[in-house]
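Mind docking chain B on chain A? Use the hints.
Residues per chain, in single letters:
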Amino acid sequence: MGEPATKQPLSLEELEAAASLRTGRKHVLSILVENKTGVLTRIAGLFARRGFNIDTLTVGPTEDEQVSRVTLTVDGALHPIDQVTKQLHKLINVLKIRDLEPADTVARELALFKVSADGVQRGELMQIAEIFRGKVVDVSKRAVIIEITGTTDKIAAFEAMVRPFGLIEMMRTGEIAISRGRGET
Amino acid sequence: MRAVDAVMECLKAEGVEVVFGLPGGANLPTYDAIVSGGIRHILVRHEAGGGHAAEGYAKATGKVGVAFATSGPGATNLVTPICDAMMDSVPVVFLTGQVRTELLGTDGFQEADTIGISMPVVKHSFMIQSPPEIPRAIHEAFHLARTGRPGPVLVDIPQDLSRAEIQYEPVTDVRLPGYQPRVEGNQKQIRQAAKALASSQRPVIYAGGGVVNANASQELTEFVTSDRFPITCTLMGLGAFAAPHPQWLGMLGMHGTRAANYAMDEADLICAVGARFDDRITGKLSEFAPRAKFIHIDVDPAEISKNVPAHIPIVGDAKHVLAKLLIEYRAIAADPTRLDAWWSRIEGWRSKYPLTYEDSADSEIKPQYMIQALYEATGGEAIVTSDVGQHQMWTAQYYHFPKPRRWVNSGGLGTMGFGLPAAMGAAVGCPDQLVCCVAGDGSVQMNAQELATCSENDIPIKVFIMNNGYLGMVRQWQELFWDRRYSAVDMGRFPDFVKLAEAHGATGMRFEDKRTLVEDFKRAIATEGPVVVDVRVTREENTYPMIPAGQPAREMVG
Chain A
1 MGEPATKQPL SLEELEAAAS LRTGRKHVLS ILVENKTGVL TRIAGLFARR GFNIDTLTVG
61 PTEDEQVSRV TLTVDGALHP IDQVTKQLHK LINVLKIRDL EPADTVAREL ALFKVSADGV
121 QRGELMQIAE IFRGKVVDVS KRAVIIEITG TTDKIAAFEA MVRPFGLIEM MRTGEIAISR
181 GRGET
Chain B
1 MRAVDAVMEC LKAEGVEVVF GLPGGANLPT YDAIVSGGIR HILVRHEAGG GHAAEGYAKA
61 TGKVGVAFAT SGPGATNLVT PICDAMMDSV PVVFLTGQVR TELLGTDGFQ EADTIGISMP
121 VVKHSFMIQS PPEIPRAIHE AFHLARTGRP GPVLVDIPQD LSRAEIQYEP VTDVRLPGYQ
181 PRVEGNQKQI RQAAKALASS QRPVIYAGGG VVNANASQEL TEFVTSDRFP ITCTLMGLGA
241 FAAPHPQWLG MLGMHGTRAA NYAMDEADLI CAVGARFDDR ITGKLSEFAP RAKFIHIDVD
301 PAEISKNVPA HIPIVGDAKH VLAKLLIEYR AIAADPTRLD AWWSRIEGWR SKYPLTYEDS
361 ADSEIKPQYM IQALYEATGG EAIVTSDVGQ HQMWTAQYYH FPKPRRWVNS GGLGTMGFGL
421 PAAMGAAVGC PDQLVCCVAG DGSVQMNAQE LATCSENDIP IKVFIMNNGY LGMVRQWQEL
481 FWDRRYSAVD MGRFPDFVKL AEAHGATGMR FEDKRTLVED FKRAIATEGP VVVDVRVTRE
541 ENTYPMIPAG QPAREMVG
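Chains as they are written, first to last, in our numbering: chain A, 1 to 185; chain B, 1 to 558.
Extracted from the complex, chain A is given alone in its bound form:
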């Protein structure tokens, strides 16, 4: 029989009480998977069915063509990370999972910003881009496109700076991350 046992409506407090172990921070999971069809569907499906939210997701080849790397970020405030990784491990095509420690990790993201800019504003925008080590990759009469790489925080800071100019479009790749030092991620 389905819950609840009676037709009494459930209170919100009761629903919230169903929470369990949470770490309360963002987690970057670096996952090596077999390069086979349907692997991404299995991962995405697992997240959907267990009620986990993916914040960002990137997939790409590795130095070994049989193996791909999936980097995904999950909010540890919302989900029990331990359960997320254990469930991922059950997927047969998943070879290895690292929950990367922020202090021992270099993480980068690429973003493209299309900002409206007429003559006067263009100079100011280019100055800001320079401070953020961004590159202007396209200029037209009424807009510029700026490319930025960096941490998620840096990109968020840049976004805050250019938003007042009129942000037409923004695209972000989601983070990739690699562990520091000689050891493999």
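These are computed hints drawn from the structure, not numbers from a lab.
Misleading hints may appear alongside valid ones.
[What the hints assert, rightly or not] Think about it this way: if two alpha-carbon atoms lie no more than 25 Å apart in a straight line, the pair counts; the simulated DSS-like pairs of lysine-lysine are:
1) B:LYS12 x A:LYS90
2) B:LYS306 x A:LYS26
3) B:LYS63 x B:LYS12
4) B:LYS188 x A:LYS86
Frame of chain A, contents of chain B only:
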């Protein structure tokens, strides 16, 4: 040879004796190969019946069950058995046909995205993309199905690829780098568990279906009886510890005994073996076993601390871990008298709250009595299958299983229509044993078509329909929790189960008198071939005791 002929070779190499299935366009090549493939095939009447039969075969024998279906509707009809096998960790390999590769993705005739539809409910699945990979996929499917935490594995083969010629060489190894189940158990953790058990004053051993799957019944019994540990089993674990026994508390959970549930509630240490703290066990999670620490032994690490945080987690197979735990525990030589107070508390519950019901004074058959009569008529020695609902719970309560793999039911998914085809599969797997199906008058109709399969193939199952004319468990909930506003639970007068049986080539009987019931049951069992017994029981009887959903164990009613 053709890839499909190689499939037959692979199945034989895996020890497959029998396959349940139904042909169609996309698996015509498979059915051509089976003609001279050397494997017994049982033609079912519906793919769901075939899938559940494969499950029943697997649960009763411990071997991997196999079911075939064609593409599209054939495969979608398998979804319920696949999901059922996933929830109850049943090793079954499903082989489905798929449309030709040139038609894939075109909404071709009888095309369905079988891999996509089944993905959330399989342990793993293989979409075949080139013929040479077929033999390896079959062997990997069997390896995955039977090892670690068992489960359903699906292999989907497009029709043109299955017809292709390949160079077949027997496969002797599997290559699954991402799959290495841990079975041994960490020795340090096991030692710690032994110490915790030796010093606990109010321990309970809580065993589940994982013990049955691991064939660890003997190890469990030796460990439990090495001290005076109270033991309770889940619905899926029944038979893992032989009932009745002085240390046996009965089943726990929603319709378990008070002794078992109260013992869990007051325990200071709970040792869970191959069980997963399902909501039907814990009731209100925040108030579940509030005084207890937990040892959790499971082969699936994701089960540990999923619902209840474990103090001593042990990832491993019940057979290995229990054997080691016994050695560690014996080495400590714990004082058994420390459990005296605990046992007198448990005995108090036992004598105050035995499993009981108010029997009728006349010929009326109470449903509980029906199960007691079946227990008596079979001497407790049958393999019993069931569907889901009141009849399932009463069978779990009143049929005391002396051995594992005797109780075959749908626990996790709670599938109506599971019992009859599962009995068929169990009877095929265990031809020397008596196989009885206890069904509800509602649920039996969901796969009654397989009676014809039983008659055609001389599969002598005995089906006992607990006929109260209701979808009984739903009616009970409506009575207790929805102000007795009965909605869509009255099944009315049809069908006539005796005629239904006869129409399918089986023997039909109807019993309405309690006073002759045991003898009547014996007569039904002695009748050759498949038999359907329509047993008219009390219409409105409730399954008690009961923990209302979402309540803690001490709120048991009835």
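Hints versus structure:
no., hint, verdict
1, B:LYS12 x A:LYS90, "28 Å, violated"
2, B:LYS306 x A:LYS26, "20 Å, holds"
3, B:LYS63 x B:LYS12, "13 Å, holds"
4, B:LYS188 x A:LYS86, "22 Å, holds"
Hint 1 from the earlier list is the only one contradicted by this structure; the remaining hints agree with it.
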